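Taken in order, these protein sequences are the chains called A and B.
Per the working numbering, the first sequence starts with residue 1, numbered consecutively.
Per the working numbering, the second sequence starts with residue 1, numbered consecutively.
Heads up, a few of these hints could be off.
Identical copies go unnamed one by one, so any copy, or any two together, can satisfy a pair.
Claimed, not checked - Cross-link-like lysine-lysine pairs, in silico, PhoX-like; alpha carbons within 25 Å at most:
#, residue 1, residue 2
1, K401, K577
2, K397, K577
3, K677, K72
4, K186, K65
5, K208, K65
6, K351, K65
7, K287, K229
8, K186, K208
9, K577, K72
Keep in mind that the hints were calculated from the coordinates and are not lab data.
Just so it is clear, the structure is predicted and the values come from calculations on it, not from any experiment.
Number of protein chains: 2
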Amino acid sequence: MTDSRFQSDEWKIIETRFEPERGRDSESIFALGNGMMGQRANFEERYSGDTLQGTYVAGIYYPDKTVVGWWKNGYPEYFAKVPNAPSWTGIDVKIDGELLDLAKCKVKVFRRVLDMKEGLLTRSFTAVMSSGRVAEVTARRFLSMSEPERAAISYAVTIRGGSGTVEVAPWLNADVYNEDANYDEKFWEKESAEYDGLRAAVVAQTRKTAFVVATAMENAFTVNGKSVKSNIALSAGDKTAHCSLTYQYSDGDTVEVKKYVAVLSSTNHPVEGMARKAMASAGEAAKKGFDAMLDSHVRAWAAKWEMGDIVIRGDIAAQQGIRFNIFQLNQTYTGEDPRLNIGPKGFTGEKYGGSTYWDTEAFVLPFYLSTADTHVARNLLLYRYKHLEKAIENAAKLGFKNGAALYPMVTMNGEECHNEWEITFEEIHRNGAIAYAIYNYIRHTGDQGYLAEYGLEVLIAISRFWAQRCNFSEEKNQYVILGVTGPNEYENNVSNNWYTNILARWTLKYTVDSLAWLRKTSTVKFNSVISRTRLDTECELSLWNEIINNIYLPVHHDLGIFLQQDGYMDKLQQTVKDLDPAERPLNQHWSWDRILRSVFIKQADVLQGIYFFEDDYEEETIRRNFDFYESRCVHESSLSPSIHSVLAARLHDIERAYTLYLRTARLDLDDYNREVKDGLHITSMAGTWLSIVEGFGGMRIRNDRVYLDPVIPAAWSSYSFIIRFRNNPLRVEVNGKAVTVVNLSGESIPLAFCDEQLTLGPGEEKKIAK
Amino acid sequence: MTDSRFQSDEWKIIETRFEPERGRDSESIFALGNGMMGQRANFEERYSGDTLQGTYVAGIYYPDKTVVGWWKNGYPEYFAKVPNAPSWTGIDVKIDGELLDLAKCKVKVFRRVLDMKEGLLTRSFTAVMSSGRVAEVTARRFLSMSEPERAAISYAVTIRGGSGTVEVAPWLNADVYNEDANYDEKFWEKESAEYDGLRAAVVAQTRKTAFVVATAMENAFTVNGKSVKSNIALSAGDKTAHCSLTYQYSDGDTVEVKKYVAVLSSTNHPVEGMARKAMASAGEAAKKGFDAMLDSHVRAWAAKWEMGDIVIRGDIAAQQGIRFNIFQLNQTYTGEDPRLNIGPKGFTGEKYGGSTYWDTEAFVLPFYLSTADTHVARNLLLYRYKHLEKAIENAAKLGFKNGAALYPMVTMNGEECHNEWEITFEEIHRNGAIAYAIYNYIRHTGDQGYLAEYGLEVLIAISRFWAQRCNFSEEKNQYVILGVTGPNEYENNVSNNWYTNILARWTLKYTVDSLAWLRKTSTVKFNSVISRTRLDTECELSLWNEIINNIYLPVHHDLGIFLQQDGYMDKLQQTVKDLDPAERPLNQHWSWDRILRSVFIKQADVLQGIYFFEDDYEEETIRRNFDFYESRCVHESSLSPSIHSVLAARLHDIERAYTLYLRTARLDLDDYNREVKDGLHITSMAGTWLSIVEGFGGMRIRNDRVYLDPVIPAAWSSYSFIIRFRNNPLRVEVNGKAVTVVNLSGESIPLAFCDEQLTLGPGEEKKIAK
């Protein structure tokens, strides 16, 4: 922790040196987003050094052609990529004809501060031009959380060392490229630019998908705090728009531009007239002014922090780490639009195509369930409900029938858009996580009605998939599931992956039970579900029950563990301790076949199943499996350590839990995997939240009651978190001696504390000695 | 057989109708080649209809960037593609300003004849132009087998219906594209064109690989048989060269051009001055003249037929089929250049990148061993010997050490150039086929010296690979080989594929035995091998012997069969009879995961092993395995039916052998798989040869003796084939009553006929009643 590049601070990320070789890293760390759009921390002024330019607009993707060695039937036609969108951050500064460029100037002071409480990025530096003039710059930027189509930049430059001419020129550029393009092909077309009075806009359309983005600006200039209206020129090229103030400066003059930006997308606006609309929006922002915009932005952030802050005392690095994670999750997804979801890298890079993975259901959902209004988690579920038709089509492409659904492994709009067969066709456990999310949502929110309205349709379609996907093995005299990839993607095309089999059985059982419950509760609703899904309650249910009762679950009796998959014990039995550190991470040093035939596990797999269904297993069973698999796990997925940490805490091994927690808490801030340059690990940040709330806090929802069983790492003096149960907030504070629980809501909350049940009245606080 | 598009003929392939919708098919069927270059049967005159233009030059490839969803360590940087090379076949014909184009004229007569005896393609047609003029064309073409850098075309057009102006314009074009390009990118650059006197040339260089090809022409015109020298214009554009005769024709005039072509490549010539050299070569060809060139070409073909013809009486379709296969094999590979090899589609299409697969060693080598001089098969072996260093590098990339070699699955120059992990990294059985080829070569040729000089280096490197690739399973208490793909590519990443394990054991044993033999034979040579390979005769050999004695070979005791792989019996047990014919071929109807978890087998796998090591198994064992696996085999590789046919004949099931033989004999001629448009299945043609010589003929080489055990299909009255044993030709003729064997050589040949041993003196003939 001590080798962090950033100063310790409870609320801020602070960079104090200009390190061009870490430029891309910082562009990721200081990225901003507001659920609707995102922006890497690219410099406003021109920068000829190494940079990954990144401007992203939610829901916009480019369908890159699937290119494979040999085509396999069922492959999706495309692989979605998140296109770097028209750029709006640029402000050129020319002092006596010389472009300000930190790659070419002498940089004397450099400081960048991300204030997570306010969602504000401030950068200040002093640069010496080759002419000897000194430019002192302060740039502030935010993407409005209260007006999510708007952003604002304040950029002030003070020039010292003489007088002359300065030109400050904010610009927009629709001529943008992705780094992640196979043949340097462009993802945008039909670019145009225009201006009108003080406003300008660029418009571009994605190739093939025809998403249109209009980006507009209005700029307000001041010199030494006084508004300037003359010597401002606007112009528009084919694909770029420019505004430029030319000013004869004297020594010490400060020129400032406030750049008000609006970004509109065709996902929310008709294409016709979008440039005008964007310019009008930028104009309204300018009229409101920077400070007023910032004020409402900060208030929106305050509301988020009130819902979901975690406070850690006695460990400032941990405090900074967890707030960074919560901040990034809130920057990525606000839950207002059920068409959106949470890409593994959010708005911080091109990798993973900004698409939706099973990360959402398996790792991220609990965060939003606990820290946001119920409708946010519900929108995450509706995202999948709305894609049910496409999931059924997807399964049909793979030969499944009768309304069986296979949700895509990676998706932008419900269609599969990843193209490796071992992932796309075989990593079918994702279906189980989507079913589990329904159960998880209901146990948190109590919204049983969701089952009849939406949930059962999804559950039935997934159960149909499982029933068709397994086959009866005469050799084993049981049902088996052949040819899968589990969460451990370091084994492909294996048979009887325990996690997949247990999830399949669970889904079938949950569906059968939910149907029975609905039949009992409401005949009308039950019949409606049956008629919508055309479920054959005789044949289909009887097959499901047969599979539930007779599915093969591989175990190793001598070792007393569940088996990763059928062939696991034939492998050379090693543990992580046997590995040469120089060969870590394995995925950067070992060829794929070597990884596949090794025992080493990428991320929780059997343990992921135990995490989901913890109550089904005795502590000793959990311990045996944990000890066996944790020693074989290389944690080469960022999603891995948190689940292990939760289980270690469950096993009362606080030290181990804490060690595992540390691997995830500051993963990006301290760049453990040397890949933060590509973007942040947004979805795994929810795992860090889990390791505190479910791990150390021991929070569980069981039988309509919040269970708590907190422990505290030795390094901390106290920690507190807020969770919502049935949309009622509850604050839990833990220190070495006691746990304090406060019901922040107006309703009673049923609790269980270390298995002792109690009910906390509205506003009531209870302190329980440990 | 009766629905063939082609007339039955013993020596000719005859097409009698113009079928534009089958145009690509015919372009493949009538393709010409001479080992150095190849040419699809594209029309000489312009053709605006559907066509796959294909001009190929041996050894030339373009390294297309590997594009995958997620990069895996060890992937090759590129995927080799065979570039469509500068085109030399074009001859534009303009009658009264109207371009002759069969897609636009009325075609009244159309006939195309491939004379396989002479290697000559003749096309004649009558076309009615929109002007009413009738053009009668006869075009003849060959790629010289005696002068392999040269080709010649004779193109004669007779015009009826009036008088006017005709322009006949042969051209060369370096501005060519591949269909198989991901983003329509070009594979050639630096194209140029020039002319000098009557000669012209185009030159182009492949991108990235910088192979240069220079293509030149000289043209000789006649009108009504009389040479014409005037009104001939030459010109050169940027990338094209043109020659043009303009002539005022009268009704019935015949204008003929003889186009002499030379194609030179930088693999054989210095780049400097290549265009000039190509023009000089075309000039020499012109000087020699069409008839003289054709004469020596036909003599070269006669020699090939003398070495390897198969004569079938009583079944003209079978006769045509087998000669087509022999003809194509000889067009593809002549064995004079050890840098060349046999691509699965030869020079007939772009698919499979013209590269080398295990097909060469497993299927094609026996054909050349029996029908060509020893140096031809030896060159095929040397091809791999020269690539040993790269095979060791390739294995090192995958983590293998100490000189272990993994030969590439697909290659142009020794480097791996296929990029699917389940093939590239896991289809390791190819290593075994390469070892087996050494054994096969030596038992045919008696060239034991090859072992000391080259063979053992390869065998040791491959044995090292096997020893490192297996691991000891504590669970099984035996050595296992995990994570492989067998010849049955419809199962991926399986464990203990019987074929792979048996080949690994065999290689280790053959290497150990060969070392022991060499130690006994020549200490000097033995020590030289040890020093070249740095073999640790203590440790390495002792490990090899341990593996030989204790490798796991999966069997199913109840069924009495060898097991395809560990998990095979967990699959839903079905046979091919259970399949819906509408779902065949599976690879065009089933998604990959469904194929992978089905029992259905693409091609001989366990049976391929039994084929290689037939003498190790009792007939009943062979029969049980054959019955089990043949009923599960969908034969979706063109390499499949022939091996099954040989085994069926071995089991005296002639009817089944014949049925299987029919699936391969006219595969392309009758286009069973509806894919001949992409090119011919060159390597599987050797399988057809195998099913006659090893299948019906029962030919085996055992203990320095030729074994024969012939049967004859009921449909044939007789058949004969020629094979070489120790480079001595032997003719075998079989009819319903007797087998006649003729020693065509000057040395004695030891024979075994239905287990009776005899020796046939020089020139001796022996007739044995059946």
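Which of the listed hints are not met by the structure? Checked against the structure, no hint fails, so every one of them is satisfied.
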